[in-house]
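Engineer: Keeping their order, the protein sequence lines are chains B and L.
The opening position of the first sequence corresponds to residue 31 in our numbering, with each subsequent residue numbered one higher.
The opening position of the second sequence corresponds to residue 2 in our numbering, with each subsequent residue numbered one higher.
In short, the hints are calculated from the structure, not lab data.
Predicted model only: the values in this text are computed from it and were never measured.
Hints are not guaranteed to be accurate.
[As the list claims (entries may be wrong)] With the C-beta cut set under 8 Å, the calculated list includes, among others, these residues of chain L facing chain B:
1. 118
2. 217
3. 220
4. 282
5. 324
6. 331
7. 333
8. 336
[Stated by the list, open to error] No more than 27 Å apart at the CA atoms, straight line, and that leaves these computed lysine-lysine pairs for DSSO-like:
9. B:261 with B:169
10. B:171 with B:126
11. L:77 with L:205
12. L:253 with B:199
13. L:315 with L:332
14. L:332 with L:355
15. L:123 with L:103
16. L:221 with B:234
17. L:315 with L:205
18. B:147 with L:332
19. B:261 with B:147
20. B:171 with B:252
21. B:199 with L:355
22. L:195 with L:131
23. B:199 with L:103
24. B:199 with L:131
25. B:270 with B:260
26. B:234 with B:261
27. L:332 with B:171
28. B:276 with B:234
29. L:332 with B:169
30. B:157 with B:252
31. B:252 with L:355
32. L:61 with B:199
33. B:126 with B:260
34. B:169 with L:355
35. B:157 with B:171
36. L:68 with L:97
37. L:355 with B:144
38. B:157 with L:355
39. L:355 with B:147
40. B:199 with L:221
Ideal Cβ placement from N, Cα and C applies to all residues, glycine included.
So you can see what is in the structure, the chains are spelled out below.
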Amino acid sequence: MEEKVIDIKSETEKGEREKLYFVRLNYSERVQHLILAVCFVTLIITGFMLNIPEEALMVLGSAGETVFFWRTILHRAAGTVMILVSLYHVYYLIFKPAGRRWISDMMMRGRDFKELKDTLSYYMDFKDTYPEYDRFCYKHKFEYFALYFGNMVMAVTGLLLWTESSWSKFVLDISVLIHGMEAILASLAIIVWHMYEVYLRPHKFPVDNLCFTGLIDEEEMKAEYPLHYKKIMADPELQKIYIRRKPGNE
Amino acid sequence: MPLKSDLFELIFILVLAVFPLFFSLDTVSAQPYEFRDSENCMLCHRYPTIGRFDEAGEKKIFYIDGKDYASSVHGKLNCTDCHRGLNRIPHFDLRKVDCSVKCHLHNLSTKKAFSHMEVVGKLEASVHGKGPKFELKPFPEDLPDCTYCHDNRDYYSTGRAIGRSDDQAHAATLLRSQRDVIRLCASCHEDEEKMTRHGLESIKTFKDTFHWQAIKYGVKNAPDCISCHVPTGFSSHTIRPESDLLSPLNIKNRLQTCSFGVGALTCHPDATHAFAEGRVHEYGTKAQLLTGGVNMEGRFRSLMTEQARADIAKEDLFHYRVLSAIRLIYKILIGCTIGFMFFHQLLDYRRATKKGKTFH
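The whole structure should be built from the sequences, with the hints applied where relevant.
Structural biologist: And the structure:
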């Protein structure tokens, strides 16, 4: 798609600027997110199915065995796809310019701790101003790296359990334990942290379609990520990457 | 029209065929039965309402379903073969049924009177045996006798009884469902108090294993207690402790037991030694005792500790410690992380609603 450099200054001078939209997730990232989300939900459901109490399973009757069979297949299929997507993501981070930009923006910095402190003081009414976030703030970084680490743990223990016959029982015991505990941690984190961010935050309620459109409007961009906004506005290269004129898909 | 008359003929025949059914619909409560009842016990016992309240106030039903009985494995026996001395009415001198007595049936090849004496002998020699007559094991009343395990009349019907046989191969259909077997064994082996008296730990941790999670769903290939403790070639009446060289679960025999398969049902065909020789039941009371994780009072403490020392190797203890540590770490991690997240979002929500702002 052809992209012309937007000359923001001249337009603002005219005072009749079109509304701008900012890219938060590009096409590849949205697809990765979608696959990951579908796999994640499948894995959570088919995994915790093992912990349904016996009495509740009675309703399945003789269908139980079939259900269990498909549970197993689905869990492994979703696990495999999730591993593949994660591997692709690593490739994306290293070899794609957008990926490299992503990871360098995502890296932890000293200012993240200050932002955390400032945000909490703002929440608790000690401060009146909200800190100025860059493209990713500590909330994103925390979640991203937790997912990164969790994914790795789940993949390794899951593969060990899949090939159970070749490992010592001790290794398997550890894997079962970690796989289960990490699953609890991950699903709670997604519910408390991520679901709140995208569904329950007052201005997002009832649902945020960012993960499908990838765009937010200028007003939100200014309010939520002011530092990034300023950077973009100051740099035509970044404008090319991050600014769209129309809502909807790029 | 040939077709139409055919149809009428068919209907006529059908009606004729169904007709006798109306007669056989028994309106009286006495149920029909189909075996030769030479002792006339069914004269009274065919009434579904026969029964009484026992001393404990529980209702006991003494009704015998003639059809079930006739098709059961014991259907060819006279009632008094087992219920000795009950041919007098009213019954007195009620004795418990003794499975070791000879009955009137004869083994066709040996011409000897049939009895379960052989099984009785085996059971006595197994870990569930009460021990020699004059030096009974402590608390012999905790041990199962024949009728404890073979209690249920539901299982008498041969339709379902082509089951796991005593010494022969596992057959296709199971006599007892896996859940039933587990319920049976667990009725004793889950009872902490009963088990400590014998230096054993409760096996309730079985319900934390993946095997149980599959059984819950009714997966036929998942193992219940006897699949492991009594695989093909072994008998439910000769269960031995794992330390016994003849036990299928002895370290030397583990690999074979794990990689075992019958027909389409295979367990772990490519099991390695390291896989098969690890701990199967999750660690329970014994490991806890050795690491000081449990406070056990009473007289059996020393017995259990002694047994635990014998059963739980140093290496196992290390494994147990590692597993407990990981569990603890995760619990703390989950508590802190989720606690922080919850707190954070709560604050966010409070601030956002209070200020009535659209963003942050």
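Engineer: Which hint numbers does the structure go against, in order from smallest to largest?
Structural biologist: 1, 4, 7, 8, 11, 14, 16, 21, 23, 24 and 32
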